[in-house]
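Enquirer: Go by the hints and put chain H onto chain B.
Going down the list, the protein sequences come from chains B and H. Numbering-wise (my numbering), the first sequence opens with residue 1 and increments by one. Numbering-wise (my numbering), the second sequence opens with residue 173 and increments by one.
Treat the hints as calculated values from the structure; they're not laboratory data. Here a beta-carbon is modelled for each residue, glycine too, at the ideal position from N, C-alpha and C. One should not assume that every hint holds.
Listing some non-contacts, in silico: residues in chain H with all C-beta distances to chain B over 10 Å [what the hints assert, rightly or not]:
(1) 257
(2) 259
(3) 261
(4) 269
(5) 281
(6) 282
(7) 284
(8) 287
(9) 289
(10) 375
(11) 383
(12) 401
(13) 402
(14) 409
(15) 415
(16) 448
Interface residues of chain B toward chain H, partial, derived using beta-carbon atoms under 8 Å [as the list claims (entries may be wrong)]:
(17) 28
(18) 31
(19) 32
(20) 40
(21) 60
(22) 64
(23) 65
(24) 67
(25) 72
(26) 87
(27) 104
(28) 139
(29) 141
(30) 143
(31) 146
(32) 148
The calculated label-pair distances, taken between Cβ atoms and stated as ranges, are [said to hold, decoys possible]:
(33) H/284 <-> B/29: 49 to 55 Å
(34) B/107 <-> H/266: 56 to 62 Å
(35) B/144 <-> H/266: 35 to 41 Å
(36) B/39 <-> H/265: 23 to 29 Å
So the chains spell out like this:
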Amino acid sequence: MSLMQSTRPLDPWRWLGLPALACMGGAILFAIPIKVFSLQLPEPVFPMVLAFAWAVIRPSVIAPFVLVLLGLFLDLFWGGPLGLWGVSLLASYTVVLASRSIMTGQSRPMRQVWFAAATAMTMLTGFLIASILSLAVPNLLSVFWQFLATAVLYPFAHRLIERFEDADVRFR
Amino acid sequence: MSFRDRSNFDMKVPLTWTAGVAVIIAAVIGVALLLGDRRETLQGQAYGVTKNVVDTLSAPVSNTLATPGRWTGNVFDLARDYLLAGSQNHALREEINDLHVWQDKAIALDNENQRLRAVLGLKTDPPIPMVTAHVIADSRGPFADTRLADAGREKGIAAGNPVMSDRGLVGRVVGVGHDVSRILLLTDIASRTPVLIDRTNARAILSGDGGPNPKLAYMRGQDPVKVGDRVLTSGDGGVFPRGLPVGVVVQGLDGAWRVRLDSDSSPIDFVRILLFTDFSQIAESKDAISAPLPALSTADQADVAAKVKAMSAPAAASQAPKTGPAAANASATAKTLANALAASKTQPAPKHPPPPTPATTPPPDDDTP
Numbered sequence: 001m002s003l004m005q006s007t008r009p010l011d012p013w014r015w016l017g018l019p020a021l022a023c024m025g026g027a028i029l030f031a032i033p034i035k036v037f038s039l040q041l042p043e044p045v046f047p048m049v050l051a052f053a054w055a056v057i058r059p060s061v062i063a064p065f066v067l068v069l070l071g072l073f074l075d076l077f078w079g080g081p082l083g084l085w086g087v088s089l090l091a092s093y094t095v096v097l098a099s100r101s102i103m104t105g106q107s108r109p110m111r112q113v114w115f116a117a118a119t120a121m122t123m124l125t126g127f128l129i130a131s132i133l134s135l136a137v138p139n140l141l142s143v144f145w146q147f148l149a150t151a152v153l154y155p156f157a158h159r160l161i162e163r164f165e166d167a168d169v170r171f172r
Numbered sequence: 173m174s175f176r177d178r179s180n181f182d183m184k185v186p187l188t189w190t191a192g193v194a195v196i197i198a199a200v201i202g203v204a205l206l207l208g209d210r211r212e213t214l215q216g217q218a219y220g221v222t223k224n225v226v227d228t229l230s231a232p233v234s235n236t237l238a239t240p241g242r243w244t245g246n247v248f249d250l251a252r253d254y255l256l257a258g259s260q261n262h263a264l265r266e267e268i269n270d271l272h273v274w275q276d277k278a279i280a281l282d283n284e285n286q287r288l289r290a291v292l293g294l295k296t297d298p299p300i301p302m303v304t305a306h307v308i309a310d311s312r313g314p315f316a317d318t319r320l321a322d323a324g325r326e327k328g329i330a331a332g333n334p335v336m337s338d339r340g341l342v343g344r345v346v347g348v349g350h351d352v353s354r355i356l357l358l359t360d361i362a363s364r365t366p367v368l369i370d371r372t373n374a375r376a377i378l379s380g381d382g383g384p385n386p387k388l389a390y391m392r393g394q395d396p397v398k399v400g401d402r403v404l405t406s407g408d409g410g411v412f413p414r415g416l417p418v419g420v421v422v423q424g425l426d427g428a429w430r431v432r433l434d435s436d437s438s439p440i441d442f443v444r445i446l447l448f449t450d451f452s453q454i455a456e457s458k459d460a461i462s463a464p465l466p467a468l469s470t471a472d473q474a475d476v477a478a479k480v481k482a483m484s485a486p487a488a489a490s491q492a493p494k495t496g497p498a499a500a501n502a503s504a505t506a507k508t509l510a511n512a513l514a515a516s517k518t519q520p521a522p523k524h525p526p527p528p529t530p531a532t533t534p535p536p537d538d539d540t541p
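Looking at chain B on its own, in the form it has when it is part of the complex (with noise of 0.2 Å):
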């Protein structure tokens, strides 16, 4: 019974299942059209946080498929190219999941540039994506602000990351 219990330690519904909602409530929120002063709300991709610190706590099956589901809800709630975010969401994962023995035992800063480097790489798959649907080349100034509301969301990949790392000690 221990050994059953150890070796299946994380409930994908805590892990996975109630992040993922709760990032796509935070993309329905953060699309509220509102003007404060002339200005917009900023339009962070939240699932990025998962892409991020899923690869992070342990290599998973299931965590990839609602990675390209949540990419699917963006696309379809933001009206973009299917697959556009998904396929992006997953480049970044897949990067993060091969080097995460290097980041394992990172300090908080390093990982934090380690999670800007990843959200670069979601942007710029994004971009070359766009790039080749439309035939036309994204605006670079609009990237980086999607990039820069994106990459101040590590507190939270740091937060699911310390909660579930050591859950799971095989992949410690």
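Expert: Just chain H now, with coordinates in the frame of chain B:
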């Protein structure tokens, strides 16, 4: 030793490999979605059932969230108006003085316009009906700029309808549900809008790039544009009616000609959807163009035979040389009519007589000197 009896660390490698395979499968799904999407097309059916369902489902949620957002926005607007009342008052007085001059000009021009139209007998376009809608969700990223409005098919909205704010063009409808519609903004990277420069009448394509100021591309002519020029829709292609205000020309940091959109300065939460339908938007336009001509009836055949006889008789009896242009024309027309008659005999006559068609063949007397 059973699988469960192995130590945890023995399972690490298989699990990692399985996760890797899952990543590959998920990537294949994502790429397949990308390749299967047809976002850039204007056709309503290209928008897809999935997108329509998501729009319909998210509409009530977004609407509920947007309502307090609107109240908050109103509170901020009130606060700003209160703080800036003095300077706004001054600016409005100046604007009113300018507008008085414009009003006089507009009255004179309208009067002249009506007289000229009456003289020329021009048929004016009927007024375009419109629907006002709330914006309930707004995406403004670099790869997608769209809005969700709370009016749909029930109010007569169709894919392709132009959308305006109270100041200028916002975009066009790309997806319609029962009571919700998706608007592609002019700033979206997939948006291409035919426009004209009001001062020079030069044509261009307004291309969105995800930024706030879309680019003017494919401009023709020498120096067709300068900073401050007004940009209007050209109506080319029939997607938008001609003359909708779009914005003012500015030069971007990259040196490209861009447009500061009029709609930027208007409230974000209301739009007007024009129920504009052009001939090119009619779904069965291809069928209408390629419809076969009605077959000739028996009465028509007799008429054509009489004309052939009338044309060939003087030509045969004439003593004049048959190399002149009049004789050649008469002979060619007679041949065409004879061929038409022969072709009509191979087709069955319709049960009902076809509607009368305007005569396109000139009478033989016209060609004779």
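Enquirer: Now tell me if each hint is right for this structure.
Expert: Going down the list of hints, with the structure as the test:
{"no.": "1", "hint": "257", "in the structure": "holds (15 Å)"}
{"no.": "2", "hint": "259", "in the structure": "holds (14 Å)"}
{"no.": "3", "hint": "261", "in the structure": "holds (19 Å)"}
{"no.": "4", "hint": "269", "in the structure": "holds (25 Å)"}
{"no.": "5", "hint": "281", "in the structure": "holds (33 Å)"}
{"no.": "6", "hint": "282", "in the structure": "holds (34 Å)"}
{"no.": "7", "hint": "284", "in the structure": "holds (39 Å)"}
{"no.": "8", "hint": "287", "in the structure": "holds (43 Å)"}
{"no.": "9", "hint": "289", "in the structure": "holds (40 Å)"}
{"no.": "10", "hint": "375", "in the structure": "holds (19 Å)"}
{"no.": "11", "hint": "383", "in the structure": "violated (3 Å)"}
{"no.": "12", "hint": "401", "in the structure": "holds (22 Å)"}
{"no.": "13", "hint": "402", "in the structure": "holds (22 Å)"}
{"no.": "14", "hint": "409", "in the structure": "holds (18 Å)"}
{"no.": "15", "hint": "415", "in the structure": "holds (26 Å)"}
{"no.": "16", "hint": "448", "in the structure": "holds (21 Å)"}
{"no.": "17", "hint": "28", "in the structure": "holds (6 Å)"}
{"no.": "18", "hint": "31", "in the structure": "holds (4 Å)"}
{"no.": "19", "hint": "32", "in the structure": "holds (4 Å)"}
{"no.": "20", "hint": "40", "in the structure": "holds (6 Å)"}
{"no.": "21", "hint": "60", "in the structure": "holds (6 Å)"}
{"no.": "22", "hint": "64", "in the structure": "holds (4 Å)"}
{"no.": "23", "hint": "65", "in the structure": "holds (5 Å)"}
{"no.": "24", "hint": "67", "in the structure": "holds (7 Å)"}
{"no.": "25", "hint": "72", "in the structure": "holds (7 Å)"}
{"no.": "26", "hint": "87", "in the structure": "holds (4 Å)"}
{"no.": "27", "hint": "104", "in the structure": "violated (14 Å)"}
{"no.": "28", "hint": "139", "in the structure": "holds (3 Å)"}
{"no.": "29", "hint": "141", "in the structure": "holds (6 Å)"}
{"no.": "30", "hint": "143", "in the structure": "holds (4 Å)"}
{"no.": "31", "hint": "146", "in the structure": "holds (5 Å)"}
{"no.": "32", "hint": "148", "in the structure": "violated (12 Å)"}
{"no.": "33", "hint": "H/284 <-> B/29: 49 to 55 Å", "in the structure": "holds (53 Å)"}
{"no.": "34", "hint": "B/107 <-> H/266: 56 to 62 Å", "in the structure": "holds (58 Å)"}
{"no.": "35", "hint": "B/144 <-> H/266: 35 to 41 Å", "in the structure": "holds (37 Å)"}
{"no.": "36", "hint": "B/39 <-> H/265: 23 to 29 Å", "in the structure": "holds (27 Å)"}
Violated hints for the displayed structure, listed by number in ascending order: 11, 27, 32.
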